[in-house]
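**Q** Each chain, written out:
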Amino acid sequence: MNRINKILEEKNNILSIYFTAGFPEIEDTEKIILKLSECDVDMVEIGLPFSDPLADGPTIQESSTIALNNGMNTKKLFIQLKNIRKKTNIPLIIMGYFNPILQFGIENFCEECELAGIDGLIIPDLPVDVFKENYQSLFNKHKLLNMFLISPQTSDERIRFIDKVSNGFIYMVSSFSITGAVNSFGKNQIDYFKRINKMNLKSKLLIGFGISNKDTFNDAVSYSKGAIIGSAFIKFLKTNKIENIKNFIDQIRG
Amino acid sequence: MSKTYNVNEKGYYGDFGGAYIPEMMYANIEELRTKYLKICSEEKFQKEFNDLLKQYVGRPTPLYFAERLSHTYNTKIYLKREDLCHTGAHKINNTIGQILLAKRLGKTRIIAETGAGQHGVATATVCALMGIKCIIYMGEIDISRQAPNVARMKMLGAEVKPAISGSKTLKDATNEAIRDWINNPIDTHYIIGSVVGPHPYPDMVARFQSIIGVEVMDQLKKTEGTENPDYVIACVGGGSNAAGLFYPYLDNENVKIICVEAAGKGIDTGKSAATSILGKEGIIHGSKTLLMQSFDGQITEPYSISAGLDYPGVGPMHANLFKTKRGEFISINDKEAMEWGLNLSRLEGIIPAIETSHAFAVLDKKKFKKDDVLVFNCSGRGDKDLDTYIDYFKL
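From first to last, the protein sequence lines are chains A and B.
Here numbering that gives the first Met the number 0 is used: the first residue of the first sequence is 0, the next is one more, and so on.
Here numbering that gives the first Met the number 0 is used: the first residue of the second sequence is 0, the next is one more, and so on.
Hints are computed from structural coordinates only; laboratory data are not their basis.
For glycine and all other residues, C-beta sits at the position ideal for the given N, C-alpha and C.
Possibly wrong hints are sitting among the right ones.
[Said to hold, decoys possible] Taking beta-carbon pairs under 8 Å as the criterion, some of the chain B residues facing chain A (in silico): (1) TYR19; (2) PRO184; (3) GLN292; (4) ILE298.
Assemble the whole structure, with the sequences as input and the hints as a guide.
**A** Given below as structure tokens:
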């Protein structure tokens with residue numbers, strides 16, 4: 000069974016952490032993954048940096064620019080991930096925009112993912128319809144799950160469609176929002192979480208965007224299988240050492 | 000069905016187009032996709048659109064026979080005078096159409112991106128006209144080099160927000176506008192300024208601009224006795240003025256299409272905006288098209304002396320015209336374009352925008368027959384470029 004599905008089945012209050020590969024330093028990728036797996040973290044999302052990240056707020060944009068300036072690219076990332084499976088069994092997801100993946104060659108990309116032991120992908124600008132028509136069988140061949148996003152605007156009909164195509168978790172965007180931290184969830188967001196929960200989807204839900212601290216994490220996991228933290232972790236890495244990642248995780252887990 | 004160079008029902012021009020968008024934009028794009036054709040074909044919409052184009056924009060714009068230019072190049076040259084539109088360029092045809100559409104969708108807040116500021120001014124203008132709140136995203140670098148247009152937008156009541164991410168120019172302003180829309184999906188409509196972005200934008204903008212080509216057919220019939228010129232010629236950045244002129248001729252292969260791109264300092268210098276030659280297939284701003292990018296798929300910054308041609312992608316319609324060879328693509332460098340700014344001024348008494356100057360430089364690149372009828376889209380006037388002309392020619 001895919002490592003992601005295994006965790007989804009076995010655990011609650013899942014904590015998934017996003018970081019941008021190549022940030023703060025080019026060779027930090029493996030160090031960050033290994034440090035996160037030593038902590039109470041269930042899943043790691045490795046961000047493949049892109050020059051024009053449409054769905055991301057200022058924090059992740061900035062980290063992407065720095066990573067690219069550091070010389071990060073797709074080929075380099077796969078080199079860095081070459082031995083990762085000898086060192087950790089934590090579920091690994093690559094999150095990247097579609098253009099760099101297309102330029103690498105999508106078949107090549109999926110093949111490299113399988114070789115490195117990547118479990119799934121999140122490609123925010125690859126719509127579910129295009130995925131289903133053109134790439135689903137390729138992903139299946141390389142044992143890669145593909146995670147889709149939904150937002151408060153996504154219609155019930157479309158959520159049902161996404162649920163049908165999905166074979167991992169559904170990434171529930173917490174609000175009308177690009178990525179970036181907020182302090183607490185409002186009534187509208189809670190209503191939306193409740194509405195989706197009532198739909199009894201086959202896919203498990205993870206909530207992302209706007210989760211930054213213990214309170215928002217606890218709120219999120221009370222309506223879902225788990226939550227994803229990105230911008231807040233990137234901010235932490237800006238001013239803290241990788242050795243101290245445990246402090247950040249402990250704050251969230253409380 | 001016979002071969003068409005227009006958009007298909009899935010939103011593609013050949014291999015190009017589509018809607019590669021984050022799910023957070025899906026509901027808005029889907030609303031547009033399912034409603035734009037219906038709304039735009041309503042009689043009441045058509046009447047309001049055409050009345051505004053006539054009374055407010057000043058349409059139809061003349062199709063002017065350029066006698067001295069024709070004599071000099073020994074061929075028949077017509078200029079479609081989009082430079083005479085209100086606000087000084089063709090851009091307003093699209094913003095009038097989209098603001099009427101936005102009103103019908105119940106939107107109360109407008110956002111737009113702008114490079115040189117022409118589309119920003121055209122958007123701020125229609126927002127003032129309709130009394131709708133307007134926010135324009137503009138790269139921080141462009142804000143400092145296009146001060147008069149920033150002032151115009153402010154006079155018109157728009158808020159100009161600097162895009163401070165990435166390279167701080169047009170592509171980043173577009174990213175910021177998209178992010179704003181993701182954050183404000185309910186009350187906001189995004190008026191894209193060119194035939195770029197996810198479907199249905201390229202088709203929608205092309206339709207609003209198609210008035211240019213439709214008028215040419217009518218006007219040419221009166222002067223030449225035929226609706227069809229031998230060539231239609233326009234500059235291409237994103238491609239909206241070209242799309243407007245070409246639109247009724249796309250599937251009529253007796254009319255040859257010439258797209259003129261900005262070579263900047265030269266194709267091989269790394270400072271160019273000739274997307275068809277330097278670009279590769281990929282995704283930019285939600286559209287599969289040709290774009291300038293690194294080996295690794297990072298979008299690179301183009302360069303041209305004209306801010307309006309300074310876009311790393313090109314509309315999917317034009318990418319398809321290039322790939323199928325339906326259109327001939329010619330690139331013109333800064334120097335050639337600037338010289339044509341002077342040529343047109345002195346031969347015809349028309350000071351063109353630098354974008355527009357690129358199109359005319361084709362006359363030195365290609366030999367035309369005496370009886371050929373050429374229609375150039377004179378897409379914008381040069382007032383906004385005076386500083387650049389002054390610097391360049393030490394006027």
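**Q** Hint by hint, which ones does this structure get wrong, listed from lowest number up?
**A** Failing hints: none at all.
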